[in-house]
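Could you slot chain Z onto chain V? The hints should help.
Residue numbers (the numbering used here), protein chains in the order written: chain V, 70 to 722; chain Z, 8 to 263.
Treat each hint with caution, since some may be false.
To be verified - Under 10 Å between C-beta atoms, here's a sample of chain V residues computed to sit facing chain Z: (1) T229; (2) R330; (3) P504; (4) L596; (5) G597; (6) L601; (7) V605; (8) E607; (9) I608; (10) G612; (11) I615; (12) G620; (13) R622; (14) V665.
Derived by calculation from the structure, the hints in this document are not laboratory data. Just so you know, even glycine gets a beta-carbon here, dropped at the ideal spot from N, CA and C.
Read off the chains here:
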Amino acid sequence: MTLWRYVGLGAMIWCLGAMWMAQAMVPIPDWPRPLTPAAQLSLDQLRFAFGFAPRLVLALLVGAVLGLSGALMQAVLRNPLADPTTLGVAGGAQLALVCATILMPDVLLWGRGPVAFAGAALTTGIVMILAARQGFAPVGVTIAGMLIGLLAGAVSTAVTLSQGHYLLSLVLWTGGSLVREDWSGIWRMGAVLACGAIGARLMLRPIAVMALGSQTAVALGVPVAWLRAGVLLLAVWLSASVSAEVGLVGFVGLAAPAMARRLGARRPGQILLAGACIGALLLGVIDLALIAVARGGGPALPSGAMTGLLGGPLMLLLLPKVRAAIVQSHSAPHRRERADLCVFWLICAGVALAAITLVWGRVPLGWGMLPTQLWPQIVPLRAIGLLAAGASGALLASAGAVLQRLTANPMAAPEVLGVTGGASLGYAAVVWLVPAPGPIALALGAGVGAACALAVLLICVARADLGAARVLLAGLAVGAFSSAVLAVMTATGDPRAWTVLGWLSGSAARVTQTGAVALCALALLVLGVLILARRVLEILPLGTGIAQGLGLRGARLRIGLILLAGLATGAASVLVGPVSFVGLMAPHIARSLGLVRAGSFVAGAWILGAVLMVLAAWGARSMTYPYDLPLGLFATLIGAPWLMIALLRRRGL
Amino acid sequence: MTLFSLSSVQFDVPGRRLIDGLSVDVPEGRVTALLGRNGSGKSTVMRLMSGQSQPSRGTVSYQGRSLPDWRGRDLARSLAYLPQVTPSTDGMYLQELVALGRYPWCGALGRLGRDDHAAIDRAIDLCGMAGLRDRDVSTLSGGERQRGWIAMMLAQGARTLLLDEPTSALDVAHQVEVLGLVQTMCHTQGLSAVIVMHDLNMAARFCDYAIALAHGKLCFQGPMEQLLRPPILHQIYGLPMQVVTGHPHPLTYPIA
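Same shape as in the complex, but just chain V (with noise of 0.2 Å):
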C-alpha cells in the first residue's frame, strides 16, 4: 500500500514540523497541561495554547474539510476538475457573506454558517441548472463554474469597494487567514468534519455506482438525480463550513484527491479517505510554513491566498486528463440580410446616445437638462471622459471579438480568459517596480502582461491540443493564477497593494485629454486593422486544419492577432479595471443581432463596447450622485446579471 506510506510520511513530516515549531516557542518541559486555567499560564504559554496549537489543527480541519468536499464532488460529478472553488460555491459564499456584513449585518446575528451556505447553495444551484442542460459534461460544468464564481467575486469586489470603510477585514477575511484566540471554532470544524465523514459513509456504495456513469447507474437502480443532488448538498454544505470559519481557501479541494489518485488511490472509498487526509496534510504543511515565514520576520500571509496559488497551475495540468465531451451547440444565430444597414444604425443610436448623456443625467435637482449656461464648463470635461470610457469599451470589444473568431469560441473574451488578469499583474508589477510611474508605464505594464497571459495560455493549449472549450478553461485557470497573486500581494498589507486595488474597480476620473486621445486613436487603429483582416478572421474559426490547408501562415497571424488583443486590453484596462465583462457582452450582442460574418461583426462589436462603456459611464456618474462610481464596478453590475441570463440561456458552452 504505497499510498499509504506516502501519507504516512507527509504526517510525519507534518509532526516534526510542527514538534520543531512548538519547541522553538515553548520549551517542551514547559508546555501547559490540557486544561490548565488560563489565569496560571505565562505569556508565551498562553501564546502557544490559544493561538498557536489551534491554529495547527484548524488547518488540518479545515483541509480534511476541503478535501473531502473536493473529492465528494468530483466522484458525483465524475470530473477531476471539481472543486468547491472551481465549481463557484466558495464564491457564492463569500458573496453572501460580503452582502450580508456590508447591507444586512443584523443577519449575521444568526451565524456566518447559514448565511455562507445560503449562498453557497444558490451558485451550486445555478451551476447545476447549466451543468444539467449539458449533461454533466466534465468541462462545460467546470466553465460554468468558474464563470459564475469569477461574477460572484467580482460583484463582490464592486461591493466591498462601494463601501471602502468596511475593506480592511473583509480583504483579510477573502484572504483565508487561519490565526485564531481560542478553540471555540475547532470544536465547530470538527463537528463539521465528523458529519461530513458519516454522510460520505453512508453513500459511499451508490457514489462507486455513480463511477460507471449516470446512465450505467440508472439502470443499476440508483436514483441518479437524488443522489447526484445529496452528495452535492453535503460538499456544499462542507465547504460553505470553511467559508464561514476561514474565509476562502482556494483548490485545496481539486489538489487532494488529485494527489490522492496520482499516488495510486482507485476506489472512490480510497479517494474520499486519502483525499481528506492528504487535504489535511496539505494545509497542515503549507501552514506551517507561512508560520515559520512570519517567525522569521517575513510577512504573515494568510494561507488561502497561498493555496490559491496552487490552482491555476494545477488545472492546466490536469486538463488533457479530462474527458473531452463537449455538447456542442448548433445554435447558429439567425443571420440578418442587411448587416452594413445595421451597423449603420448602430452607430447612428450610439453617436446619439453620446450626446444625450453629454447633457443629460442627474442635476441637483432630480433629473433633466444640464443648464445651458453651464455647458462651456462641463460639456468639455465630460466629453473627454466619455470618449475615453467610449474608446476603451470599444477597445475591449474588439479584444473580444478577437478572441471569439481566434478560439471559435462564443464565450471567449478578455475578462474570462485570464487575458485582465494578466493585465492586472502587469499593473502591479509596474506599480512595485518603477517609483512613481507614470499612466504610460502602466499602461505598458498591463498591455504586456495580457500579453503574456496570453501567450501562457496559448502555449498550455498548443501543446495539449485542446478543443475550444478547454482553450477557456485554461484562461480561467490563469485568470485564477493572477487573482490568487493578487490576493497574496494584498495580503502583505503593503501601501502599493491599495494602489492596484482601487484600480481594480477602474475609474473615468483620472483620465487626461491626452489619454482620451490617445486610447481612441487606439481604438480607431485596432478597428482599422480587423476590418482589414476580416478575411483571415473569418477563416481561422474553422480551425488550424482548413486554415493550413488554405494556405494561413497560421501561427504568425495568431501570434500578431494576440498581440493586438493583449495591447488593446492592457490600454482598455488603465481606464476601466479588469473585470467589465464589456469584452465578452459586446461581441455576443453582436452576434445576437445577426452580424455574424467577420467584418460586420468586428464592427457591430466595436461600436456596442462603445454604447455600453458610454452607459456605464452615464450610470457611474448619476447613480451616486453627486459623487461618480468607479466606472469599471458599474460595468460589471450591468454586465453580471446580463451575463447569468446570457448562460442560463444558453445549451452547452
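Positioned in the frame of chain V, the structure of chain Z alone reads:
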C-alpha cells in the same frame, strides 16, 4: 507519375510511434483509398501528406518537391485537405464558404476578381449545388454539407484532394453521392484524390488504387482489384474475409 512520395517516414508522439518507416508512392490522376484498422495511422499519414504535421524522420515529397520547400500558399493552390471533422460554420452561406477557397489566390486583402468568381461558380455547379447557394451551411443535410466543403476545395483550384473519412457520418445514399462526386471529378477533370475509407465495398466501387496500413507500416499497395483477395484482407484486418463475385465489383464480408 508519382503524386506523393513518402520515404522511410517515421512519426512519433510522446510514448508511441504512430508511423514506423513508411515508404510509399501515391500515383497521380487516380482515386486512391487509404485503408487500415482503427489506429493503424491513416489519419496521421493524411496529416503528413497535407503538411499539417512534420515527420519525425524521413521525407514527404509532393510532385517531386519535399513539402517543407513548398510555400504555404503555393501548396494550398495545388493541394486541398478536408479534415475528418468539418468545423461548424456559424451562419455562413454556402457561396461564402466556397469563396473562402479562393484565399490562396487573393490573400487577406485582395479583391475577388472575375477569375475568382468564375472558379466559385464552377465549383458550385460541378458539385450540383447551384440551387443551394444562399443556404446557411449549418442547415444543409450531412451529404450536402460535405459536398459544400468539397466545392470549397475545388474552388481552391487544387489538383489534388485529400479527404479524411469524408463519409463517416453519412448514410449509404449520401456516401454514394459524395464519393461519386469525387470519382467523377477525378475521371473527368483529371484530379487526384486520396480518401481515408472504412467501407471496403465503397472503396471497391469508387477507388482505383489502394494503400493499406497496419500498425503504422505499409501492408499493401496496388490496384484496387488486387486488394480484394482473402489473404491480403486477412493481413490488413486480422480477420478471415470472404470475397464473392459481384457485379460490377466483387463484394467482401467478414467470415468470423
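Going through the hints against the structure:
1. Restraint check, T229 of chain V versus chain Z: the minimum CB separation of about 39 Å is more than 10 Å; hint violated.
2. Restraint check, R330 of chain V versus chain Z: the minimum CB separation of about 20 Å is more than 10 Å; hint violated.
3. Given hint, P504 of chain V at the interface with chain Z, is violated; its Cβ is 44 Å from that chain's nearest Cβ, farther than 10 Å.
4. For L596 of chain V, the interface hint is violated, the least distance from its beta-carbon to any beta-carbon of chain Z being 16 Å, above 10 Å.
5. For G597 of chain V, the shortest C-beta to C-beta distance to chain Z is roughly 12 Å, which exceeds 10 Å, and the interface hint is violated.
6. Taken as an interface hint, L601 of chain V checks out: its beta carbon lies about 6 Å from the nearest beta carbon of chain Z, inside 10 Å.
7. Proximity of V605 of chain V to chain Z holds as hinted, the smallest CB-CB distance being about 5 Å (cut-off 10 Å).
8. For the restraint placing E607 of chain V at the interface with chain Z, the shortest Cβ-Cβ distance is roughly 7 Å, inside the 10 Å limit, so the hint holds.
9. With a least beta-carbon distance of about 6 Å to chain Z, the hint placing I608 of chain V at the interface is held under the 10 Å criterion.
10. For G612 of chain V, the interface hint holds, since its Cβ comes within 10 Å of a Cβ in chain Z; the closest pair sits about 5 Å apart.
11. Of the supplied interface hints, the one on I615 of chain V holds, with its beta-carbon coming within about 6 Å of a beta-carbon of chain Z, less than 10 Å.
12. Satisfaction of the interface hint for G620 of chain V is found here, the shortest Cβ-Cβ separation to chain Z being roughly 3 Å, below the 10 Å cut-off.
13. For R622 of chain V, the interface hint holds, the least distance from its beta-carbon to any beta-carbon of chain Z being 6 Å, beneath 10 Å.
14. The restraint placing V665 of chain V at the interface with chain Z holds, with a minimum CB-CB distance near 3 Å, inside the 10 Å limit.
Against the hints set out earlier in the document, violations occur for numbers 1, 2, 3, 4, 5.
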